[in-house]
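S.K.: For reference, the chains in residue letters:
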Amino acid sequence: MTRAKPEDDEYWNSSKFKAFTFDDEDDEFSQLKESKRAVNSILVDDDDEDEEDVERVSWSGEPVGSISWSVKETASSIRSGSEQSFPKIDTTPSLSKQGSGYSLSSLFKGNLHDLSPEETVRRMQKGRAFSLEKFCSLQDKLLLLDEAVAVYDGNVITAVLIFLKKSLSKEILFRELMARDVALRHYVHYLKEMGEQKLVVELLKALGRTEDMALMHYKEHLNIKDESRRRDFLKSCLSLPFSQDDATHVQDHYTLLERQIIIEASDKKAVAEIFKKFPRKASILNMPIITTLYYSCFYHYGESEGTFSSPSNIRKTFRISEKQYILTALGARAKLKSWFDVDSLFNTKNWLGYTKKRSPIGFHRVVDILHKNSAPVQVLQEYVNLIDDPDLKLSGALKYKCHDIVINTYRDLKDRQQLIVYREKLERDSPEYRKIQELLNNVQIRWKN
Amino acid sequence: MASHLFCGRVNLNILREAARKDLREFLDKCSGSKAIVWDEYLTGPFGLIAQYSLLKEHEVEKMFTLKAGRIPSAAVKNIVFFVRPRLELMDIIAENVASEDKLQPRDVHILFVPRRSLLCEQRLKEKGVLNSFTNIDEYILDLIPYDGDLLSMESESSFRECYLENDQTSLYHAAKGLMNLQALYGTIPQIFGKGECARHVANMMLRMKREFAGSQTQILPVFDTLLLLDRNVDLLTPLATQLTYEGLIDEIFGITNGYVKLPPEKFAQKKQGEGGKELPTEPKKLQLNSAEELYAEIRDKNFNAVGAALSKKAKIISAAFEERHNAKTVGEIKQFVSQLPHMQAARSSLANHTSIAELIKDITTDSWLYFILCNMVRNAHLNMPDVFSQTALLSCVSASEDFFDSLTVEQEFMTGVDTDKVSTYIEDCIAQKDPLIKILRLVCMQSVCNNGLKQKVLDYYKKEILQTYGYKHILTLKNLEKVGLLKPQSTMRNNYPTIRKTLKLWMEDANEQNPNDISYVYSGYAPLSVRLTQVLARPGWRSIEEVLKMLPGPHFEERQQVPTGLHKKRQPGENRTTLVFFLGGVTYAEIAALRFLSNMEDSGTEYIIAATKLINGTSWIKSLMDSPEENLP
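These protein sequence lines are chains F and D, in that order.
First residue of the first sequence: 1, per UniProt numbering; consecutive thereafter.
First residue of the second sequence: 1, per UniProt numbering; consecutive thereafter.
Do not rely on the hints blindly, as some may be mistaken.
[Stated by the list, open to error] DSSO-like, lysine-lysine: derived pairs with alpha carbons at most 27 Å apart: (1) K192/F <-> K487/D; (2) K29/D <-> K56/D; (3) K316/F <-> K235/F; (4) K334/D <-> K421/D; (5) K268/F <-> K472/D; (6) K225/F <-> K192/F; (7) K462/D <-> K225/F; (8) K125/D <-> K165/F; (9) K209/D <-> K126/F; (10) K125/D <-> K192/F; (11) K323/F <-> K456/D; (12) K478/D <-> K235/F; (13) K435/F <-> K399/F; (14) K349/F <-> K316/F; (15) K281/F <-> K337/F; (16) K323/F <-> K372/F; (17) K482/D <-> K192/F.
Calculated from the structure, these hints are not laboratory results.
Sequences are here, hints too, so could you generate the full structure?
M.R.: Printed below as a string of structure tokens:
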């Protein structure tokens, strides 16, 4: 974009700056030549380790002699009992930026003050000495930025942005970045990388990207370990300009943690029977809402709706669907083998006062869950009977050995052969066995086979 | 150990050799004995280039993993850091350097891979250690030869960076890598592309070429065509479960830098006289590439055809061993013995793959349950009290059919069945607390196949996910929306059916045993990306202009001048060579499909594949997630 001006040509031709002309030695051209040489030398320069036909492999499968294998091997001689795992890298970026007072140009020696933006960028790309100091006017700075963007090299773009950040006022920089999308993205990325959260938030605000800003702020909660501080932080998020949906979710997140802190505090010292019989193995803090509901159905079932820890309160506060509620409560109560509670979960009274069993989830799934919690046959049988789909019902009955249901089903299907087969699986003289026997002897039934 | 690189149409070993040469040169720059301190992430990619023996020849005596504190003592003249340009690593290096013994100074060097970073150097300066380095250099490792027809940048987060964070640094590296490739293999005369990133890479390449105009390579072009494809042109393919052998290995166990780690039980060698030996508990690690004859033969097959191939091989090998009974004369015995090593290698390779196939079969048929359970315990619910996780496990109903059910739902989505309502299967999976990534894969797939979900359906899924897996996943859901994997339906018509029909993405009668179409890799679904590649070769993109317009980003064609005298004179019947570059990652099933096209009798084109990274649905979705405390599979 910036054409070389006559002065530039003069610069190249003057001997004064000879030290900084491109010496052909490490130019791209010579690199290409080098690559070509490499190519030509390959057949001659074939090596050593490729001779082995069969690879030697250590048990852990790392080929013996591979780099990752050797890192362990050569290091192991001096490793004295220290833990083997890779160190946890502390990703929280240091915030102590002040007083660094660096200038990028001072990183490098040389007085390269007369280079065009184009040349400067080229030098930066090649890791050679350069100076940004001479780009004083706003216009020059922007030319430099545009040139960096034009070569797409993120490394160079970032370096120029750092220079601009130091030498321009925030307002002007933001204004100019708004018209330069690529540079703007790199800038946001750079700020995030450096942990300059505040500035990012400010920038996003200036750009009108308020929702991004809100989410970015919210994300910070992941780095807060202490639960009370996390709760307070979430509270401070409530007023942020989230989308309508997200605002609800963030509100729920806050409410949930607030509740969990209260429940945790009281349950830690709880003395009720259930806590002794089934000691808690972990805290409920930061668990998802469905897990919290399960916990509540396990330890706080039957509490009145007024208490924070009661299932009904949680269900209502967090608008949990009937399906999810039933599934969760069923899991918890079946785990405790409270078949009575299980029963009442599905009981509904109609206007005549009769109770009838209804479920928002298929009864075949109810049966599976009950079986997994080793429910007795009588309980299982009742629910297998409630399965609507006849095929599912039969397969459920077969799977869980609900003999009566199996027998009645075959009887209704008038399937004599299946009854005979099934009889063989039963213990001789058991009541079921006898029942089949009776059916088979019944001359009134018109068998289909 | 690079024999796998020779076997393809293009000798990718040239690239490896060039990389090794650079490495040697750098090592020699730091004269004297040295210790390398590794950014652990890099050992995998470097393993594809060199082995320890090469380093040792250049006086590398010790190797350590980069970690905070002091570098373990070692009597060497030089300490060399091999690191990615990352700020957090700079902090560790600064700490290392600062705690070096002042009385016995050693030369310290730093090698940035793949590129120097001014930002990192600045950080080192801030920490007051920049002047301690004798050498600061970069090792350009853009495109790493992975197999005979496969190059990877091994750049894990490239999709996230390009499409979510709008950081195009990895595209710059891709362009640089392509320039380097052209320096070795000649100018590629034709460039095609589809997508924003593709356009961007092509622009960079053209600009870079202009910049060193005059330094034309005098190499006969090896590649006829370069096709640049954006991953976001085809968001669907990685979401589908790959059904090739290699694809399934990757889906289930994960292949990293060409290695897979497997549960050890099936690999315990039964050696006589060692009865009662305890089973190894460490995972079995195997290298997977085409150097292994058997693997090269079966990896791209649909898994349903692998069993037959293995048993056929078993017969051949046991017949070969039987030959010993026929060996009567000394000469015959001698010949038999000379073949033994090869036969034994073949036998152990067969044993390994039979074990792997068994493991996969267990999971895809009866023990899918076990797999889910292990995953759940290991990952998502690690912190849960026992009672919770058990219940979660217990509620995995009829899980033996789960793999099959999941595939059925995927296939329904891909054929456009019921994509506009809430799927009861997904709902059930959420209720069972299946791994979140599985849920996200399915929901995203439904969204992609419906060109966005109805607002009501989307809201429902979101609510269920947040309630079951935690509100913090708001962030992840937002990320998926930003990259277009999850979106509300716009007023625009759902154009997926048109795309599907025009490109024949669904083939009813996919033949898994003797495939006649690429759709065999997903048992019916033909990967969109590979269809685009296929159509480009014949009859050309002009025939699908309409569909190309429906897919995101521009499509384009560029030509690069080839120096006179270097124009390739194709023999009649000689195949063209096309390099397909996937920006944002490629799956093993897509690679299998491209290999299938290369091997087709009348295809006329052979493909070399390059990608920013080898991905699968799980690793891909994981890279877009936003909750660091969770180490999902």
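S.K.: Each hint needs a verdict: does it hold in this structure or not?
M.R.: Tested hints:
Of the pairs offered as hints, the one joining K192/F and K487/D holds, with about 26 Å between alpha carbons and a cut-off of 27 Å not exceeded. A distance of roughly 15 Å separates the Cα atoms of K29/D and K56/D; the hinted pair therefore holds under the 27 Å criterion. Between K316/F and K235/F the CA atoms are separated by roughly 21 Å; this keeps the pair inside 27 Å, and the hint holds. For the suggested pair K334/D and K421/D, the alpha carbons sit about 70 Å apart, so the restraint of at most 27 Å is broken.
For the hint pairing K268/F with K472/D, the CA-to-CA distance comes to about 25 Å; that is within 27 Å, so the pair holds. Taking the CA atoms of K225/F and K192/F, the gap is near 20 Å; set against the 27 Å cutoff, the hint holds. A C-alpha spacing of about 26 Å is found between K462/D and K225/F, which places the hinted pair at or below 27 Å, so the restraint holds. Taking the CA atoms of K125/D and K165/F, the gap is near 18 Å; set against the 27 Å cutoff, the hint holds.
Straight-line distance between C-alpha atoms of K209/D and K126/F comes to about 16 Å, which keeps the hinted pair within the 27 Å bound. Distance restraint check for K125/D and K192/F: the Cα-Cα separation of roughly 20 Å lies within the 27 Å cut-off, and the hinted pair is therefore satisfied. Proximity of K323/F to K456/D is assessed by CA-CA distance (about 17 Å); at most 27 Å being required, the pair is judged to hold. Between K478/D and K235/F, the direct Cα distance comes to roughly 21 Å. Compliance with the 27 Å bound is thereby established for this hinted pair.
With a CA separation close to 20 Å, the supplied pair K435/F and K399/F stays within the 27 Å bound. Pair hint K349/F plus K316/F holds up; C-alpha atoms about 22 Å apart against a cutoff of 27 Å. Proximity of K281/F to K337/F is assessed by CA-CA distance (about 19 Å); at most 27 Å being required, the pair is judged to hold. Between the alpha carbons of K323/F and K372/F the distance comes to roughly 19 Å, so the proposed pair stays at or under 27 Å and holds.
For the proposed pair K482/D and K192/F, the alpha carbon gap of about 18 Å is at most 27 Å, so the pair holds.
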